[in-house]
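There are 2 protein chains.
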Amino acid sequence: MTDAGTPRGVWCAALTPLSPGGGIDTPRLAAHVKRLFAAGVDGIALFGTTGEGQSFALRERRAALDALLAAGIEPRRVLVGTGCAALPETIELTGHAVGCGCAGALVLPPFFFKEVSDDGVFASYARVVDGVGDDSLRVYLYHIPQVTGVPLSADVVARLAAAYPRVIAGIKDSSCDLGHEQAFLRRFPNLDIFVGFELHLPAAIAAGGVGTICGIANLYPRTLRRLFDARDDAARQGELARIGRLVALLDRHSLMPAFKAIQAALTADEGWLAVREPLVALDAAGRRALLDGLAATGLDAARDAAGPY
Amino acid sequence: MTDAGTPRGVWCAALTPLSPGGGIDTPRLAAHVKRLFAAGVDGIALFGTTGEGQSFALRERRAALDALLAAGIEPRRVLVGTGCAALPETIELTGHAVGCGCAGALVLPPFFFKEVSDDGVFASYARVVDGVGDDSLRVYLYHIPQVTGVPLSADVVARLAAAYPRVIAGIKDSSCDLGHEQAFLRRFPNLDIFVGFELHLPAAIAAGGVGTICGIANLYPRTLRRLFDARDDAARQGELARIGRLVALLDRHSLMPAFKAIQAALTADEGWLAVREPLVALDAAGRRALLDGLAATGLDAARDAAGPY
Numbered sequence: 319m320t321d322a323g324t325p326r327g328v329w330c331a332a333l334t335p336l337s338p339g340g341g342i343d344t345p346r347l348a349a350h351v352k353r354l355f356a357a358g359v360d361g362i363a364l365f366g367t368t369g370e371g372q373s374f375a376l377r378e379r380r381a382a383l384d385a386l387l388a389a390g391i392e393p394r395r396v397l398v399g400t401g402c403a404a405l406p407e408t409i410e411l412t413g414h415a416v417g418c419g420c421a422g423a424l425v426l427p428p429f430f431f432k433e434v435s436d437d438g439v440f441a442s443y444a445r446v447v448d449g450v451g452d453d454s455l456r457v458y459l460y461h462i463p464q465v466t467g468v469p470l471s472a473d474v475v476a477r478l479a480a481a482y483p484r485v486i487a488g489i490k491d492s493s494c495d496l497g498h499e500q501a502f503l504r505r506f507p508n509l510d511i512f513v514g515f516e517l518h519l520p521a522a523i524a525a526g527g528v529g530t531i532c533g534i535a536n537l538y539p540r541t542l543r544r545l546f547d548a549r550d551d552a553a554r555q556g557e558l559a560r561i562g563r564l565v566a567l568l569d570r571h572s573l574m575p576a577f578k579a580i581q582a583a584l585t586a587d588e589g590w591l592a593v594r595e596p597l598v599a600l601d602a603a604g605r606r607a608l609l610d611g612l613a614a615t616g617l618d619a620a621r622d623a624a625g626p627y
Numbered sequence: 319m320t321d322a323g324t325p326r327g328v329w330c331a332a333l334t335p336l337s338p339g340g341g342i343d344t345p346r347l348a349a350h351v352k353r354l355f356a357a358g359v360d361g362i363a364l365f366g367t368t369g370e371g372q373s374f375a376l377r378e379r380r381a382a383l384d385a386l387l388a389a390g391i392e393p394r395r396v397l398v399g400t401g402c403a404a405l406p407e408t409i410e411l412t413g414h415a416v417g418c419g420c421a422g423a424l425v426l427p428p429f430f431f432k433e434v435s436d437d438g439v440f441a442s443y444a445r446v447v448d449g450v451g452d453d454s455l456r457v458y459l460y461h462i463p464q465v466t467g468v469p470l471s472a473d474v475v476a477r478l479a480a481a482y483p484r485v486i487a488g489i490k491d492s493s494c495d496l497g498h499e500q501a502f503l504r505r506f507p508n509l510d511i512f513v514g515f516e517l518h519l520p521a522a523i524a525a526g527g528v529g530t531i532c533g534i535a536n537l538y539p540r541t542l543r544r545l546f547d548a549r550d551d552a553a554r555q556g557e558l559a560r561i562g563r564l565v566a567l568l569d570r571h572s573l574m575p576a577f578k579a580i581q582a583a584l585t586a587d588e589g590w591l592a593v594r595e596p597l598v599a600l601d602a603a604g605r606r607a608l609l610d611g612l613a614a615t616g617l618d619a620a621r622d623a624a625g626p627y
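These protein sequence lines are chains U and V, in that order. So for the first sequence, this note's numbering puts the first residue at 319; every next one is plus one. So for the second sequence, this note's numbering puts the first residue at 319; every next one is plus one.
One or more of the hints may lead you astray.
Chain U is nowhere near these chain V residues, computed Cβ spacing over 10 angstroms in every case [said to hold, decoys possible]: (1) E407; (2) L496; (3) R594; (4) A603; (5) A614; (6) A620.
Restraint ranges, calculated between C-beta atoms of paired labels, are given here [as the list claims (entries may be wrong)]: (7) L387/V x A501/U: 45 to 53 angstroms; (8) S454/V x A586/U: 42 to 50 angstroms; (9) G339/V x S454/U: 24 to 32 angstroms.
Rather than coming from a laboratory, the hints here were simulated on the basis of the structure. Only a predicted model underlies this, so the values are computations on that prediction, with no experimental measurement involved. Don't be surprised by glycine CBs; every beta carbon is placed ideally from N, CA and C.
Using the sequences and the accompanying hints, generate a full structural model.
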């Protein structure tokens, strides 16, 4: 299943910067991605949960991808989050990503209805694959039940992989549950499995995982790079300890606004603070508490971050 | 707040029929709505949860409303479910509904992210109202936390009603929690509150509610009409007993597929069975169990339903 050139390693679930008018700031997005690549990130996932993907209209999502590629970002280093509540829109965005030559589509199940049956999840993905109808499509199933309310069971993953052996390339497991990630890794050795939770990356690699698609790589890409590349357990534990302190700090705030507040501080650019509704930017007190806590993590902007813009 | 001609009474959360190709069957939808009106229903909510609204693309939702009005359905008898995960799309659909002269827009909060703050819910609705920017807009806040994962707190409703006293016309409370409905009714005597759960209609009216927007009105519109109009407690209890038996029966099945299976049986038209993914139509055994149970409810197709097409 894994060919040379397929996604692996450190992929960043890219934050989506906004312009003062509230739209996507595509020049800033392209600059951010270039800095991430220069800092050792292998690729990005555009419009994942960290990137507030579902908060942007279909036309905004198409236009931002077009702009990113026009700015020189290689499509083979881009996975595109294309899941919508309405499948015709998922099909349109997925077809667009394939047409652009992207590495693949990161596809949520339809996420409005809850208590969706396995048959319903299977039929939804089947509709997308059949609707796109392109042999070069590579789908990464996106499991993030704490947000969608629609878990992807191992049985439905197995059915999809059997029905579409070439198209279903992998899974992003954002359950943040190591037992769940390990069960997926054991059951699907032929799928490329990424973990969303940074702290589980070494255990996932040891169990056959191909890497991470994660949010902290926006802020500290060099740390994630070192963690992925580490061959020495002491070095690995040092990186995990620093990341662990950051995770504990982030847990005390609303996650995406906190990511953007740290990004604003690291780049000395308050333009990064803006989030789209229903998210709300941290207030001054929240930012202060977050940034005060940051110093104690041991992460260092000069050594670990992607650098100023 | 309540002017003559504003929505009240029995509103049907209309089912959305599909054509064999899987698109919205707008001629069948228009025929269904006309039969409902002939059977005494006051108005419809298009693209609510029962109507699988979030499963349809923006362009399908616009086109279906246009087709319904072109078929002669009066826009003042139509509330349009316009909530999307992405606010620019909610704004577009809401603006379209206002431009069509519809009675109002039934607006979900953005429903992808969970643990949304009150500030985030407020900012989302404010963005919609300001984005539409039309004084004739009437918004009905749609509270259905068991599906969206985003409850509308009483505090946020109060803030919205204070900030937009003319635009925020009412609430659809689909919590199915009588205590919650009564608390909203007590706190917001100036808002027009509809309940989604049929069995709570008499209690809600007694507490100042204006009516129901409900799914069972698709199947048994005359029963809902009699329940709303009843002035005699014995008659009311008889209707409630029959509806209660149907609710208990529906609880044993997936709700929207079960509604459509009953609709197919009542109209002798299997075209009604189709649902859009991620929902799945009932299988033959499920349909048989459902229809066997229907006889025991005491509801009668000849007396209670809207009749064949």
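Could you tell me whether the CB distance from S454/V to A586/U stays inside 42 to 50 angstroms? 46 angstroms, holds
Cβ-Cβ distance between G339/V and S454/U: within 24 to 32 angstroms? About 26 angstroms separates the Cβ atoms of G339/V and S454/U, which means 24 to 32 angstroms holds.
Range hint 45 to 53 angstroms (beta carbons of L387/V and A501/U) holds or violated: Holds: the Cβ-Cβ distance is about 52 angstroms, inside 45 to 53 angstroms.
Take a quick look at L496/V and tell me if its Cβ sits farther than 10 angstroms from every Cβ on chain U, holds or violated. 22 angstroms, holds
Non-interface claim for A603/V versus chain U (Cβ beyond 10 angstroms): 14 angstroms, holds
Beyond 10 angstroms from chain U, beta-carbon-wise, is A620/V? 33 angstroms, holds
Report holds if the minimum CB distance from R594/V to chain U is greater than 10 angstroms, and violated otherwise. R594/V not clear of chain U: closest Cβ-Cβ about 7 angstroms, inside 10 angstroms.
May I ask you to check that A614/V keeps its beta-carbon over 10 angstroms from the closest beta-carbon of chain U? 25 angstroms, holds
Confirm or reject the statement that E407/V sits farther than 10 angstroms, beta carbon to beta carbon, from all of chain U. Answer for E407/V: violated, closest chain U Cβ roughly 5 angstroms.
Going through the hint list in order, the structure does not satisfy hints 1 and 3.
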